[in-house]
Amino acid sequence: MPETVLKGKAIKLGDDISTDDIIPGRFAHLRSNLPELSKHTFEDLIPNFGSRVNQGNFLVAGKNFGSGSSREHAPLVIKMSGIAAILAKSAARIFFRNAINQGLPVLLCDTAQINDGDELEIALTEGVITNLTSNARLTSTKMPSLMFAILKEGGLIPYIKKHKDFEL
Amino acid sequence: MGKTLAEKILSLKAGADAKSGDIVIANVDLVFLQDTTGPLVIKQFKESGLAAIAEPKKAAIFLDHAAPSPAQQISNDHVLLRHFARETNCHIYEVGNGICHQLVAEHFAKPGNIIVGADSHTVTAGGLCAFATGMGSTDIAIAMALGKTWFRVPETFLINLSGSFPKGVYAKDLILSLIGQLGTDGATYKALEFGGESLARLTMSERLTIANMVVEAGAKVGLFPSDEVTQSFLSAQGRGDGYKPLYPDADANYERIMSLNLASLEPMVSFPHTVDNVRPVSEAKGVKVQQVFIGTCTNGRLEDLALAANILKGKKRYSDTRLLVAPASQQVLLQAVEKGYIHSLVESGAVILPPGCAACLGLHQGVLADREACLSTANRNFKGRMGNPEAMIYLASPATAAASAIKGEITDPREVM
Chain A
1 MPETVLKGKA
11 IKLGDDISTD
21 DIIPGRFAHL
31 RSNLPELSKH
41 TFEDLIPNFG
51 SRVNQGNFLV
61 AGKNFGSGSS
71 REHAPLVIKM
81 SGIAAILAKS
91 AARIFFRNAI
101 NQGLPVLLCD
111 TAQINDGDEL
121 EIALTEGVIT
131 NLTSNARLTS
141 TKMPSLMFAI
151 LKEGGLIPYI
161 KKHKDFEL
Chain B
1 MGKTLAEKIL
11 SLKAGADAKS
21 GDIVIANVDL
31 VFLQDTTGPL
41 VIKQFKESGL
51 AAIAEPKKAA
61 IFLDHAAPSP
71 AQQISNDHVL
81 LRHFARETNC
91 HIYEVGNGIC
101 HQLVAEHFAK
111 PGNIIVGADS
121 HTVTAGGLCA
131 FATGMGSTDI
141 AIAMALGKTW
151 FRVPETFLIN
161 LSGSFPKGVY
171 AKDLILSLIG
181 QLGTDGATYK
191 ALEFGGESLA
201 RLTMSERLTI
211 ANMVVEAGAK
221 VGLFPSDEVT
231 QSFLSAQGRG
241 DGYKPLYPDA
251 DANYERIMSL
261 NLASLEPMVS
271 FPHTVDNVRP
281 VSEAKGVKVQ
291 QVFIGTCTNG
301 RLEDLALAAN
311 ILKGKKRYSD
321 TRLLVAPASQ
331 QVLLQAVEKG
341 YIHSLVESGA
351 VILPPGCAAC
361 LGLHQGVLAD
371 REACLSTANR
381 NFKGRMGNPE
391 AMIYLASPAT
401 AAASAIKGEI
411 TDPREVM
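Keeping their order, the protein sequence lines are chains A and B. Once you know that position 119 of the first sequence is 119 in our numbering, the rest is easy, because the numbers rise by one and skip nothing. Once you know that position 114 of the second sequence is 114 in our numbering, the rest is easy, because the numbers rise by one and skip nothing.
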């Protein structure tokens, strides 16, 4: 995790966004070709998602973000699109763990207080989100310290390369 | 304070007094991957710099999600997975052997095990009292290399079951009804533990169906105690020595206790496009279906095929409704042939697909057309799940599926039984 304070614009999504919404199962034949696979990110849900996202934007979702399949390609293609962090009211547990393992921060907080297009500042270490548009301050649920350590290293692979094992 | 099943298994395996909320590191008894998540597991495994699989006989690869392969890229992925199995000497189950979760239940899972798989329906083995949960490819790669992984010990919801199923109502109706009550995120990060006086009457096939779908309410595991039903299933599989009784402590601490009377249930249907959109079958009456799909890790076992075959025997599928049947494993297929179920199904107009995931996830063997509707015995009805975002997917029991195949529209199975 090179940056601990992130600044960017919110892209607002709804509830129950499944991994099939993020990257439809019918493109499973492209999973070993990530540049091709990533062209289909959110294809059924958000037309032209790729051109709507700017580097450093945040996805801001409702409840149960990333439900369904264990496919880690879901957080992977989101990260490849330039999204710097995901904020959600709640997230499916496999997706949550996968995103952190890919070094993509997921913060659980009251996202009803964020509108599409709002400018946000996220202090990752503190878990505090400041809505620069509305001046509201949100606190996210603290993640286990092991998980935060994995995120800080940029994901599970860099963590393991450095530590060789899990350290509690 | 006593322990729930989840706390008990994690305590035993981690060698610690594990309480909900704790983080523990525990050895895994089986770590597995399948053909759509597996190639990324191998990529991450190689990138980790950890040279070998900790214990190759505790690792398995299953070619089931797109099998036989419908596309050249997936064929190449299959080759990659076969090579990896040869290099590392781990188990590999080939195209046509069956669905990973069914094969794990038949050949691997034991009470008290910890099982992690690169597939969200890994929870199925909770029917055998294994702490079994799905993870992503990187977690699986590291679990394979280290022989262990980390867990947050989940809080537990106890689901107390009483009474017996009335005619036409099955395990699928029970779990759909429970998911309808909990909602898609009602049990996120939690363990669901099943208890109550009905347990002794729930077969292993029914327990696997119920455990399979707990993830649709967000749960991390769905655990059944290990009892005589578990023992006789393991003995029948030639694995009787793997049995040990395992129950929660009487004074275990549950975050929530729910009661479900089986006698009060009716056939249920999950409407598009979320699994918790559950209504009684009467509300789906008249919904035309162009395809009926019976199979998957939820409902592709022998009891499921028997149920469908007995309803369809001597009858024909509706002329404009395709009927697809995929046994969950080779063992299921062979037993279904022996018992005459396959004969009845084929005579009724069914297409028998090879043991595997088949039409469930939209890659092959039954992709839906625009505006078509499918009644499926699978576990997910997300938009686009069966390969077409313009199609509608309804979920129900094998009995409701068989009845609907005869009528060409969603039908209460009690009308044809």
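These aren't lab readings, by the way, just hints derived from the structure by calculation. Hints may contain errors.
If you anchor each label on the Cβ, the simulated ranges turn out as follows [said to hold, decoys possible]:
id, chain 1, residue 1, chain 2, residue 2, range
1, B, LYS285, A, ASN54, 43 to 53 Å
2, B, ASP370, A, ASP110, 35 to 45 Å
3, A, GLY14, B, ARG239, 39 to 49 Å
4, A, THR4, B, GLY408, 33 to 43 Å
5, A, GLU126, B, TYR247, 17 to 27 Å
6, B, ARG256, A, SER145, 21 to 31 Å
7, B, GLN72, A, LYS39, 13 to 23 Å
8, B, SER162, A, SER145, 39 to 49 Å
Here are the simulated BS3-like cross-link-like pairs (lysine-lysine), alpha carbons at most 25 Å apart as the crow flies [unchecked claim]:
id, chain 1, residue 1, chain 2, residue 2
9, B, LYS167, A, LYS39
10, B, LYS43, A, LYS79
11, B, LYS57, B, LYS43
12, A, LYS162, B, LYS167
13, A, LYS142, B, LYS19
14, B, LYS383, A, LYS39
15, B, LYS46, A, LYS152
16, A, LYS142, A, LYS63
17, B, LYS58, A, LYS161
18, B, LYS19, A, LYS161
19, A, LYS9, A, LYS63
20, B, LYS57, A, LYS63
21, B, LYS43, A, LYS152
22, A, LYS164, B, LYS339
23, A, LYS162, B, LYS19
24, B, LYS19, A, LYS79
25, B, LYS383, A, LYS89
26, B, LYS46, B, LYS167
27, A, LYS12, B, LYS285
28, A, LYS164, B, LYS46
29, B, LYS46, B, LYS19
30, A, LYS142, A, LYS12
31, A, LYS79, B, LYS46
32, A, LYS39, A, LYS12
33, A, LYS164, B, LYS383
34, A, LYS164, B, LYS43
35, A, LYS9, A, LYS79
36, A, LYS161, B, LYS46
37, A, LYS7, A, LYS162
Backbone N, C-alpha and C define an ideal beta-carbon position, used for all residues, glycine too.
The hints, checked one at a time:
1. B:LYS285 with A:ASN54: 43 to 53 Å: holds, 49 Å
2. B:ASP370 with A:ASP110: 35 to 45 Å: holds, 39 Å
3. A:GLY14 with B:ARG239: 39 to 49 Å: 46 Å Cβ-Cβ, so the 39 to 49 Å window holds.
4. A:THR4 with B:GLY408: 33 to 43 Å: Since A:THR4 and B:GLY408 have Cβ atoms about 59 Å apart, the given range 33 to 43 Å is violated.
5. A:GLU126 with B:TYR247: 17 to 27 Å: violated, 43 Å
6. B:ARG256 with A:SER145: 21 to 31 Å: The hinted range 21 to 31 Å holds for B:ARG256 and A:SER145, with Cβ atoms some 27 Å apart.
7. B:GLN72 with A:LYS39: 13 to 23 Å: holds, 18 Å
8. B:SER162 with A:SER145: 39 to 49 Å: Given range 39 to 49 Å: holds, Cβ gap about 42 Å.
9. B:LYS167 with A:LYS39: Violated - the C-alpha atoms of A:LYS39 and B:LYS167 are around 49 Å apart, more than 25 Å.
10. B:LYS43 with A:LYS79: holds, 18 Å
11. B:LYS57 with B:LYS43: holds, 20 Å
12. A:LYS162 with B:LYS167: violated, 59 Å
13. A:LYS142 with B:LYS19: holds, 18 Å
14. B:LYS383 with A:LYS39: holds, 19 Å
15. B:LYS46 with A:LYS152: holds, 22 Å
16. A:LYS142 with A:LYS63: holds, 17 Å
17. B:LYS58 with A:LYS161: holds, 23 Å
18. B:LYS19 with A:LYS161: violated, 30 Å
19. A:LYS9 with A:LYS63: Between A:LYS9 and A:LYS63 the Cα gap is close to 20 Å, so the pair holds against 25 Å.
20. B:LYS57 with A:LYS63: Given pair B:LYS57, A:LYS63 is violated - Cα atoms ~39 Å apart, limit 25 Å.
21. B:LYS43 with A:LYS152: holds, 22 Å
22. A:LYS164 with B:LYS339: Distance ~52 Å between A:LYS164 and B:LYS339 Cα, so the pair is violated.
23. A:LYS162 with B:LYS19: violated, 29 Å
24. B:LYS19 with A:LYS79: violated, 34 Å
25. B:LYS383 with A:LYS89: holds, 21 Å
26. B:LYS46 with B:LYS167: violated, 53 Å
27. A:LYS12 with B:LYS285: Violated: A:LYS12 and B:LYS285 sit about 37 Å apart, past 25 Å.
28. A:LYS164 with B:LYS46: holds, 14 Å
29. B:LYS46 with B:LYS19: Roughly 34 Å between the alpha carbons, so the hint for B:LYS46 and B:LYS19 is violated.
30. A:LYS142 with A:LYS12: Judged against 25 Å, a Cα distance of about 22 Å means the pair holds.
31. A:LYS79 with B:LYS46: Measuring from Cα to Cα gives roughly 21 Å; hence the hint holds.
32. A:LYS39 with A:LYS12: holds, 20 Å
33. A:LYS164 with B:LYS383: violated, 41 Å
34. A:LYS164 with B:LYS43: holds, 17 Å
35. A:LYS9 with A:LYS79: holds, 15 Å
36. A:LYS161 with B:LYS46: holds, 11 Å
37. A:LYS7 with A:LYS162: Violated - the C-alpha atoms of A:LYS162 and A:LYS7 are around 28 Å apart, more than 25 Å.
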